[in-house]
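Take the given structure of chain A and dock chains B, C, D, E and F with the ligands to it, following the hints.
Protein chains: 6
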Amino acid sequence: MLLHLSTWPEVERYLTHRRAIILPIGSTEQHGPTGLIGTDIITAQAIAEEVGQRTDTLVGPGIPVGMAHHHMAFPGSMTLRPSTLVQLLRDYVMSLSAHGFREVLVINGHGGNIASVTAAFYEIYEEMRLAGRDTTPPLRCELCNWFLMPAVAALQQELYGEREGLHATPSEVAVTQYIHPTRIKIAPLDPHPGTSSSFSDWRDFRTRFPDGRMGSDPSLATPRDGERFVQTAVAEIVARHGDFLNGV
Amino acid sequence: MLLHLSTWPEVERYLTHRRAIILPIGSTEQHGPTGLIGTDIITAQAIAEEVGQRTDTLVGPGIPVGMAHHHMAFPGSMTLRPSTLVQLLRDYVMSLSAHGFREVLVINGHGGNIASVTAAFYEIYEEMRLAGRDTTPPLRCELCNWFLMPAVAALQQELYGEREGLHATPSEVAVTQYIHPTRIKIAPLDPHPGTSSSFSDWRDFRTRFPDGRMGSDPSLATPRDGERFVQTAVAEIVARHGDFLNGV
Amino acid sequence: MLLHLSTWPEVERYLTHRRAIILPIGSTEQHGPTGLIGTDIITAQAIAEEVGQRTDTLVGPGIPVGMAHHHMAFPGSMTLRPSTLVQLLRDYVMSLSAHGFREVLVINGHGGNIASVTAAFYEIYEEMRLAGRDTTPPLRCELCNWFLMPAVAALQQELYGEREGLHATPSEVAVTQYIHPTRIKIAPLDPHPGTSSSFSDWRDFRTRFPDGRMGSDPSLATPRDGERFVQTAVAEIVARHGDFLNGV
Amino acid sequence: MLLHLSTWPEVERYLTHRRAIILPIGSTEQHGPTGLIGTDIITAQAIAEEVGQRTDTLVGPGIPVGMAHHHMAFPGSMTLRPSTLVQLLRDYVMSLSAHGFREVLVINGHGGNIASVTAAFYEIYEEMRLAGRDTTPPLRCELCNWFLMPAVAALQQELYGEREGLHATPSEVAVTQYIHPTRIKIAPLDPHPGTSSSFSDWRDFRTRFPDGRMGSDPSLATPRDGERFVQTAVAEIVARHGDFLNGV
Amino acid sequence: MLLHLSTWPEVERYLTHRRAIILPIGSTEQHGPTGLIGTDIITAQAIAEEVGQRTDTLVGPGIPVGMAHHHMAFPGSMTLRPSTLVQLLRDYVMSLSAHGFREVLVINGHGGNIASVTAAFYEIYEEMRLAGRDTTPPLRCELCNWFLMPAVAALQQELYGEREGLHATPSEVAVTQYIHPTRIKIAPLDPHPGTSSSFSDWRDFRTRFPDGRMGSDPSLATPRDGERFVQTAVAEIVARHGDFLNGV
Amino acid sequence: MLLHLSTWPEVERYLTHRRAIILPIGSTEQHGPTGLIGTDIITAQAIAEEVGQRTDTLVGPGIPVGMAHHHMAFPGSMTLRPSTLVQLLRDYVMSLSAHGFREVLVINGHGGNIASVTAAFYEIYEEMRLAGRDTTPPLRCELCNWFLMPAVAALQQELYGEREGLHATPSEVAVTQYIHPTRIKIAPLDPHPGTSSSFSDWRDFRTRFPDGRMGSDPSLATPRDGERFVQTAVAEIVARHGDFLNGV
Ligand code: NI
Ligand code: NI
Ligand code: NI
Ligand code: NI
Ligand code: NI
Ligand code: NI
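In order, the protein sequence lines correspond to chains A, B, C, D, E and F. Note that this note's numbering has the first sequence beginning at 6, numbered continuously upward. Note that this note's numbering has the second sequence beginning at 6, numbered continuously upward. Note that this note's numbering has the third sequence beginning at 6, numbered continuously upward. Note that this note's numbering has the fourth sequence beginning at 6, numbered continuously upward. Note that this note's numbering has the fifth sequence beginning at 6, numbered continuously upward. Note that this note's numbering has the sixth sequence beginning at 6, numbered continuously upward.
For reference, chain A alone in the conformation it holds in the complex (with noise of 0.2 Å):
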């Protein structure tokens, strides 16, 4: 069930007997030679959807635009700064906690957003408690990386081993083909992709990694890889956080 796609009385009826919503979170920035600059929020979305259609909860507006700061030397990519997210994060929190949402779990489709998403969530807790507006039951909210937990991350093993990388993964970008299939784009891609793991900054990061992969070979992917990383992510969301959407 989609916000955007429900009315203000299906919103009612559902928030009877439900308290939760799902808000998906990605970033825009360059993917390498052949990852689309969406990657991040398409599959997060994605997943998101999914989850939302297996546990019946709400899925809300998502947050396409995140921390993508180091990214900033290829065109196309934009970022946000933290106190701009964490203030983004805030007003959406806060009004849906003026409806009774008391459960939101963001799925994120980015490492770079974790921490300001994180803080996030401590601004809007010390916020509501600085202002008397503390809820009963209390606000909960959590934070799902689907990249990071660890059927995904055995599946990636799986299936690309060390071509995995660390950004602009097969994993991800076969989500994305998955979910546009039409979409697929082919490059010549370096064999040897820059495989430092660290960098300075972001004029840096463009000289250590030219193309803009970090160590990955995202020409493994396929449509089929995208579904089963989405399954995969679904069942292990559902079978961590389901308790959670269930406001227990």
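These aren't lab readings, by the way, just hints derived from the structure by calculation. There could be a bad hint or two in this list.
To be verified - Capping the alpha-carbon separation at 25 Å, the derived lysine to aspartate or glutamate pairs in DMTMM-like fashion look like this:
hint	chain 1	residue 1	chain 2	residue 2
1	C	K190	D	E17
2	E	K190	F	E15
3	A	K190	B	D61
4	C	K190	D	D61
5	A	K190	B	E167
6	F	K190	E	E15
7	A	K190	B	E17
8	A	K190	B	E15
9	A	K190	B	E232
10	F	K190	F	E147
11	C	K190	D	E15
12	B	K190	A	D216
13	D	K190	C	D209
14	A	K190	A	D216
15	B	K190	A	D61
16	C	K190	D	E55
17	F	K190	E	E167
18	B	K190	B	E167
19	F	K190	E	E54
20	C	K190	D	E54
21	B	K190	B	D139
22	F	K190	E	D61
23	E	K190	F	E54
24	E	K190	F	E17
25	E	K190	E	E167
26	F	K190	E	E17
27	D	K190	C	E55
28	E	K190	F	D61
29	D	K190	C	E15
30	D	K190	C	E54
31	E	K190	F	E55
32	B	K190	A	E17
33	D	K190	C	D61
34	B	K190	A	E15
35	B	K190	A	E55
Note that this is a predicted model, so its numbers are computed, not measured.
Leaving out everything else, chains B, C, D, E and F with the ligands in the frame of chain A:
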């Protein structure tokens, strides 16, 4: 051409001959008993994509939550504070400006956003000046409210007359029916919706407009009408903003 | 009745039967070779005081500096960032609300302020809701742009036709001549001022409008015209906003 | 020379040989049963204009609302938060600095503003350093509290002794009587106003000082005294800040 | 070498051959019936100083109050909002960067700080980029959570097993005993402290963990253990971050 | 009694009969060729702890970095922006207020902090009022600048006369020698340090005061003097603020 479905080399090529980008903005708010909560971003997104296609202009990520304070008495409505939207749009535009984008056309689906988006443009311009970071050619931002354009207003009048109303209108509902034909909602509509054109605060809003409509009759909407509204809006946007999109 | 020329017991008495207050806002910006830099606050202040007198409404402190980014290439122009104006107006209105004022009419002398003042109203409403501090009756804020009112526009057209122009107009200059008859400035005016209605940034503004006028001929202004503009504006404000000022 | 009554070419000429500007700041707060709510800005404005005239220095727009938290239990008092005043003054000064102003003298009529104005100066300096935008010669800001200057204090003592008190003092009331002789208010004054020099919060303030005066007897004020205070203050400001205003 | 116990010429000499600095961050929060409220900054400070000595690296001022929202039901706990910590750390690092420091190692004693410190790093990087103030070599910030390092975790397991718990742990208490042997507190400890690993809000935290401990048995702590933890942490930090501290 | 060396049950007991807390604030800035960069927090901390002991008052965490913009041309100096300090102190005090602390005495070691700390107090008071969160008894904040107290000034004059100077003074250096006798620094001192009492910006500061001293001769300092300054300051603080610390 959608930024999210492009790769960074594709954006790099685009920037060799074009500098414009389109950003859709909407709202997440009640639209009466039958209108989708995501109506304003759905319409803005659809029109933005069509303008993008017609003019070969890149379409960037949307802003799905806007200024909806007055709808907060209806479940599912979400709102930003203007101060948040200003910083959010600032981060969007500053990121794009860094890559060489110089014309930003915001296509807006919600009247409540007009002031804050315009204020955000001023904030962006002034911060660039204060930082000594003005560009040559200068960054330019324009706002287009599709639902207020003369040709669109004429069609609203022609099709619905005064039953168009002010909120949860048949014209915007029609566009969502055209885009999401499987999500057409049916509900009994009081034949005499609130017809006041004014209200005081968000609590008073629900008292005056109990089902969320402001004098509108969205039961008149049809998907076919929606298609006409999209075509009309797109044609007028191309006519009025085409030069801007081409950097003239 | 001017707040600044009243005592607190006088305000206390006022509040026993009235809840409205008027706030003038202007700008500190170039107004061509002969227009005063304070034109926009001078006009707003004069009209606000007259409306206050005609309706027995209290007039509060003005905001003399507004949104004037595009005039910053002309010496003496000053501008706020929109984010500053939002917080400033928030503090004004929150202070007044604490005493029981419930209707705030902002009389504005500068087009560039419209968006930011409107955004400030939303910010105020939303902060009150978030803090659980909504009042009964609710706080209401209205914006009145005197120079855009139909009767004023008609008089502009009648007196000056297209030589009214868009900035440093004879109508606003006339009002300042009426208020400050000893400060009428005379300077040679290029008969063909910039007639573009668009510009890109503050640097481009001065290129297109070298002496600061936008298609206007302020040499047409007379103090007598100014008096008529004040009377016309005041009459229309009383007609349109009188009920609001009386708490209806 | 008043910025608001000047044209931009006049300011341009001024800047060819001068770089100083004076900004008056006051407060909008209760001043006892007979003192005007605008007392602090009226006095600051009057003295600033006289200093401007005596030294041929430009006087910019005033800040009529300042730090008046402790007076908020009295109707009509208004206050900024310090964080708002810091940003407001930052925008004022940054605008002026862009045109080449280098010496900013803030003439202040209210003790409660001292800390926040001084903090604003630090904020301005530090933001300029952080942005790499320091100017040569450097921007300098000075604060002058006219009511605390030694010659003024001597005159307060001479005329009123300990009946000068701490707030709603005869000296400041006298200045407003001199400036607005038609607005002299008369009201019975308790012969024993609160004489505590301390208080805890804004609620306690009204308990200790029921009519708003802090140990003062404003019934002693006369317009003639007011004129002497203005002359005394102006002479001392010229003596102490004259070099500064001349860029020395 | 401690910044606070150095002179500026000493820092100037240091900067001729080194560019690194260490900043300790902790928290001011309850640590159970026997743990010191300053535990997290005491441990971070002690370890930071020892790392500084071992590597000849300058140690800057600490941040004693961090993110402790969830402990606010216990007297004496203090917390920042994440937005405050982001700006605070930004000011620290920007100041240091201006002098030529390029490697900033934050040694952290509190899990709750991880997200906000990391978000602060992104904010700093992005503000530098937006201001066009990136340095060469680039500024780099790293976060080290001493209590999570593998060798430390192994020692926790070896000494205390599962009685290490999650908060007010014997390992951190031991370090404070080593540093402040005269401040070893003794109090009766419920043998069955709350063992939940989750909680909802700050009120629920105290319900689940009535004396503040999360499954820990700090009675196991000894000063001798504390010394081992310091040595173990320092050795591992030197091994893992030594190159960074040397600018490699 | 130090908060950092206490447990939460100890604070709970303290709060049954006391409501006061002391917060030391200093600065991290150059103090001439022989003065420690941490001088201002070292002195404030030492005096705060002694006052705490003498009056059985809890001493909370210090703020080691303050307003030091003008010292930024000297390596090792660090500065906050005033807006950051305001939010930081707000978080400190709001946290303490939630536990029932009602008197907060800030003991300050640096003149540059006075304005921003005072502004922070206003911000705190006003935010509490705006949120409808005023307490009974009310929260009260006081600032004590130890180095400006009359008895301290008398001792400065007695011991050093005009060689006390304005910055990097023998009195503050003496206190650091008393607290850190092993860190007494010796360096050649120009017998004629800059004697100007004014300067324009941070760059000009270093030009006028090349070694950082402002007319002072810190070579006069002795640890024995430092002890006398601490005792003098503590006695005077107890005399002047003792009632406040006892909630009177
Ligand atoms: Ni990704
Ligand atoms: Ni709509
Ligand atoms: Ni104007
Ligand atoms: Ni006054
Ligand atoms: Ni801890
Ligand atoms: Ni000092």
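Tested hints:
1. K190(C) / E17(D): holds (15 Å)
2. K190(E) / E15(F): Holds - the C-alpha atoms of E15(F) and K190(E) are around 10 Å apart, at most 25 Å.
3. K190(A) / D61(B): holds (19 Å)
4. K190(C) / D61(D): holds (19 Å)
5. K190(A) / E167(B): Violated. K190(A) to E167(B) sits at ~49 Å, over the 25 Å cutoff.
6. K190(F) / E15(E): holds (10 Å)
7. K190(A) / E17(B): holds (15 Å)
8. K190(A) / E15(B): OK: K190(A) and E15(B) at ~10 Å, within 25 Å.
9. K190(A) / E232(B): violated (31 Å)
10. K190(F) / E147(F): Answer violated: K190(F) to E147(F) is near 34 Å, above 25 Å.
11. K190(C) / E15(D): holds (10 Å)
12. K190(B) / D216(A): Distance of about 47 Å is beyond 25 Å: violated.
13. K190(D) / D209(C): violated (52 Å)
14. K190(A) / D216(A): OK: K190(A) and D216(A) at ~14 Å, within 25 Å.
15. K190(B) / D61(A): holds (19 Å)
16. K190(C) / E55(D): holds (22 Å)
17. K190(F) / E167(E): Status violated; Cα separation ~49 Å.
18. K190(B) / E167(B): Status holds; Cα separation ~22 Å.
19. K190(F) / E54(E): Given pair K190(F), E54(E) holds - Cα atoms ~20 Å apart, limit 25 Å.
20. K190(C) / E54(D): holds (20 Å)
21. K190(B) / D139(B): violated (48 Å)
22. K190(F) / D61(E): holds (19 Å)
23. K190(E) / E54(F): holds (20 Å)
24. K190(E) / E17(F): Roughly 15 Å between the alpha carbons, so the hint for K190(E) and E17(F) holds.
25. K190(E) / E167(E): At roughly 22 Å apart (the allowed maximum being 25 Å), E167(E) and K190(E) satisfy the hint.
26. K190(F) / E17(E): holds (15 Å)
27. K190(D) / E55(C): Satisfied, since the Cα-Cα distance of roughly 22 Å is no more than 25 Å.
28. K190(E) / D61(F): holds (19 Å)
29. K190(D) / E15(C): Status holds; Cα separation ~10 Å.
30. K190(D) / E54(C): holds (20 Å)
31. K190(E) / E55(F): Given that 25 Å is the threshold and the Cα spacing comes to 22 Å, the pair holds.
32. K190(B) / E17(A): Roughly 15 Å separates the two Cα atoms, so the pair holds.
33. K190(D) / D61(C): holds (19 Å)
34. K190(B) / E15(A): The given pair, whose Cα atoms are some 10 Å apart, holds under the 25 Å limit.
35. K190(B) / E55(A): Holds. K190(B) to E55(A) sits at ~22 Å (cutoff 25 Å).
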